[in-house]
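Trainee: Please model the entire structure based on the sequences and the hints provided.
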Amino acid sequence: MVNYIFDGTFDGLMTVIYVSYYNHQVPNDILSENSYQKNFLGDDIYISTDINKSNKVQNAIKNKISKEALKNIYYVYLSELESSYMLIYKYVRLGFKIGRKINYFLQNDIVNDVIKLSQRINHEAYKMIELIRFKEIKNGLFYAKIHPDYNVLPLIVPHFAERFQDQYFVIHDVKRNLSAVYDKKSWIITDISPENTLITKEEEDFENLWKIYHKNISIEERKNLRLQRQHMPKKYWDILIEKQ
Amino acid sequence: MELYDKIRILADAAKYDVSCSSSGSNRENKNGGIGNASFYGICHSWSDDGRCISLLKILFTNICIYNCSYCVNRCSNDIERALFTPDELADLTINFYRRNYIEGLFLSSAVYKSPDYTMELLIKTVKKLREDYNFNGYIHLKAIPGADINLIRLAGLYADRMSVNIELPSEKSLKLLAPQKTKESIIKPMSFIHNQLLEKSDSKKLMRYSDKFVPAGQTTQLIIGATPESDRTILKLSENLYKLYSLKRVYYSAYIPVSNGNNISGVTSPPLLREHRLYQADWLLRYYNFTADELLNEKNPNFNISLDPKVDWALKNLSLFPVEVNTADYNTLLRVPGIGVRTAKRIISARKASSLSYDSLKKLGVVLKRAKYFITCNGKYYGGCEIETNKIKNKLLPKSNVLEGQLSIFDSFYKTENNLPIIV
Numbered sequence: 173m174v175n176y177i178f179d180g181t182f183d184g185l186m187t188v189i190y191v192s193y194y195n196h197q198v199p200n201d202i203l204s205e206n207s208y209q210k211n212f213l214g215d216d217i218y219i220s221t222d223i224n225k226s227n228k229v230q231n232a233i234k235n236k237i238s239k240e241a242l243k244n245i246y247y248v249y250l251s252e253l254e255s256s257y258m259l260i261y262k263y264v265r266l267g268f269k270i271g272r273k274i275n276y277f278l279q280n281d282i283v284n285d286v287i288k289l290s291q292r293i294n295h296e297a298y299k300m301i302e303l304i305r306f307k308e309i310k311n312g313l314f315y316a317k318i319h320p321d322y323n324v325l326p327l328i329v330p331h332f333a334e335r336f337q338d339q340y341f342v343i344h345d346v347k348r349n350l351s352a353v354y355d356k357k358s359w360i361i362t363d364i365s366p367e368n369t370l371i372t373k374e375e376e377d378f379e380n381l382w383k384i385y386h387k388n389i390s391i392e393e394r395k396n397l398r399l400q401r402q403h404m405p406k407k408y409w410d411i412l413i414e415k416q
Numbered sequence: 051m052e053l054y055d056k057i058r059i060l061a062d063a064a065k066y067d068v069s070c071s072s073s074g075s076n077r078e079n080k081n082g083g084i085g086n087a088s089f090y091g092i093c094h095s096w097s098d099d100g101r102c103i104s105l106l107k108i109l110f111t112n113i114c115i116y117n118c119s120y121c122v123n124r125c126s127n128d129i130e131r132a133l134f135t136p137d138e139l140a141d142l143t144i145n146f147y148r149r150n151y152i153e154g155l156f157l158s159s160a161v162y163k164s165p166d167y168t169m170e171l172l173i174k175t176v177k178k179l180r181e182d183y184n185f186n187g188y189i190h191l192k193a194i195p196g197a198d199i200n201l202i203r204l205a206g207l208y209a210d211r212m213s214v215n216i217e218l219p220s221e222k223s224l225k226l227l228a229p230q231k232t233k234e235s236i237i238k239p240m241s242f243i244h245n246q247l248l249e250k251s252d253s254k255k256l257m258r259y260s261d262k263f264v265p266a267g268q269t270t271q272l273i274i275g276a277t278p279e280s281d282r283t284i285l286k287l288s289e290n291l292y293k294l295y296s297l298k299r300v301y302y303s304a305y306i307p308v309s310n311g312n313n314i315s316g317v318t319s320p321p322l323l324r325e326h327r328l329y330q331a332d333w334l335l336r337y338y339n340f341t342a343d344e345l346l347n348e349k350n351p352n353f354n355i356s357l358d359p360k361v362d363w364a365l366k367n368l369s370l371f372p373v374e375v376n377t378a379d380y381n382t383l384l385r386v387p388g389i390g391v392r393t394a395k396r397i398i399s400a401r402k403a404s405s406l407s408y409d410s411l412k413k414l415g416v417v418l419k420r421a422k423y424f425i426t427c428n429g430k431y432y433g434g435c436e437i438e439t440n441k442i443k444n445k446l447l448p449k450s451n452v453l454e455g456q457l458s459i460f461d462s463f464y465k466t467e468n469n470l471p472i473i474v
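Chain order of the listed sequences is A and B.
Each number in my numbering corresponds to the 1-based position in the first sequence with 172 added.
Each number in my numbering corresponds to the 1-based position in the second sequence with 50 added.
Mixed in with the good hints there might be a few duds.
As the list claims (entries may be wrong) - Derived DSS-like pairs (lysine-lysine); straight-line CA-CA distance at most 27 angstroms:
hint: 1; chain 1: B; residue 1: K402; chain 2: A; residue 2: K269
hint: 2; chain 1: B; residue 1: K419; chain 2: B; residue 2: K443
hint: 3; chain 1: A; residue 1: K288; chain 2: B; residue 2: K443
hint: 4; chain 1: A; residue 1: K299; chain 2: B; residue 2: K413
hint: 5; chain 1: A; residue 1: K273; chain 2: B; residue 2: K419
hint: 6; chain 1: A; residue 1: K273; chain 2: B; residue 2: K443
hint: 7; chain 1: B; residue 1: K412; chain 2: A; residue 2: K262
Stated by the list, open to error - Negatives, chain B to chain A, calculated, CB over 10 angstroms:
hint: 8; residue: Y116
hint: 9; residue: T232
hint: 10; residue: P278
hint: 11; residue: L322
Just so you know, these hints were derived from the structure itself, not from any lab.
Think of the CB as a built atom: it goes at the ideal place given N, C-alpha and C, for glycine as much as any other residue.
Mentor: Structure below.
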């Protein structure tokens, strides 16, 4: 009955998997140090993150299972659910046994849970790509606020960095206080966020133009607010100009 | 006139064009420019009517020399008129795009002064976007019927997708409601675009870098319910458009009474459910390998309003069912009500690992509520009734007596059914 504790990073989680295999020791649970409370029943082992070990595990997953499996694992990790760490562990174990064909085993609960959860993260990342709204806060600097259920920021930045190559932007996850910053060359994710997010007069004009457009493109005879809410859930309305 | 008013008037005038897709093109951003196109398309908002907003869908102008009686912009209609400049519209597109409101521009127009003159204005706008702003996002352009073929060719080099709206499903209706348009003025640009696409795909085999000509192909729109054509006429037309001109999509637009023109058959509210059935059937043509003749025939030229076209077809062809989910091939699975393209693929892939149990079908996304009457799983039938048309039909039809007390969800369903235009 051993619990592994790690620093909460993806590399940390991969290190846990390495150590567990190396020690032939199946964990009772895997916990991140942020949420961990000492448990008197089992032995808790703290695993310090080791990039080399993490890379070895990631390469093994890519080669012995598949790239898609590694992608699923990363997405499930971004769910930030405590239970996701053990799920990943079980999925990797199963993957090393079955290999490349693992995702055919849709009837297996572990595989099914991983794929479903990974799809949920993917879905929210896609929702963010759709629904993010940038505001110009300083001449040439665009700012967007998000608060997704899952930590999808790393999944969505590449999309915008590719698309807005000629534009400085910041995407701020207010829930996790993380900011993705792009400087027309590359992007990073930091915990420093812009202090002043007040908008310019010109910005206000464009927001109003968008609201007018949004209102007038709708056909009164087809009004269907329920369908609108299905695609544009209420929990995101506070970031949507057209819903303010 | 203020920009506010122009947007208000010209968005309002563009809303009856139902096309909203921004898919089919994977134009890349280049030289540090702005924008790219996602192959699968991205919606950015949904309007109050629940329709996706992906592109800035707007008219260049609603000042029209034509007088088509189904159209809100006809010249005899007393409404506010407005006209953009290419600069205004390009600037607006870029600024909306930078804020992630839109995927690009869908530019259409009333026929202003002449078809050629209008087409030139549209080209000026998109040329500005592509060349001055280095914009690589999605552009859908309307080919103005009657415009010179050389202008259509030029427009096609800037656009990702082009469309010529047929609007009325028969020549007779066209003569009646849009006497200034001819069948030829619609078919000519459509077949021209098609030939250009064929030519480009041939030259691509020789040269890797040939100019892109409407990489996302062409689409069209048909208005449903303003004229008396049957569903069968409409679906056969679509089938031919897919076959002859390789159209990417045919859009169907339930006619919304915007006119008190005498020639329109007495429509009081849009036939939305009929439009929905046509979309379902259109899907069956494009992704499920059905033919129009399988779905409708001369005896039954219109869709059953209370059953979706796939269920309706299955009930008429019960001799082909039930199919065994563990052995049926992909195309057979696709024809089972309750199994869609994704589910069929999942079934095929899960079968490679192990035989499927009935309980696991739900996990794979099978809608058992419908599918159970049409499948067996390891030889066992789970439908719970005899495999007989009327018995299954009874189970699948919405129960009207149950609904009376809780009409909220199905309210519009019944309203629409009553309001379907009478077909004469």
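Trainee: Work down the list of hints and note, for each, if the structure agrees.
Mentor: Quick rundown of the hints versus the structure:
no., hint, result
1, B:K402 x A:K269, "16 angstroms, holds"
2, B:K419 x B:K443, "12 angstroms, holds"
3, A:K288 x B:K443, "33 angstroms, violated"
4, A:K299 x B:K413, "24 angstroms, holds"
5, A:K273 x B:K419, "30 angstroms, violated"
6, A:K273 x B:K443, "40 angstroms, violated"
7, B:K412 x A:K262, "23 angstroms, holds"
8, Y116, "22 angstroms, holds"
9, T232, "29 angstroms, holds"
10, P278, "21 angstroms, holds"
11, L322, "7 angstroms, violated"
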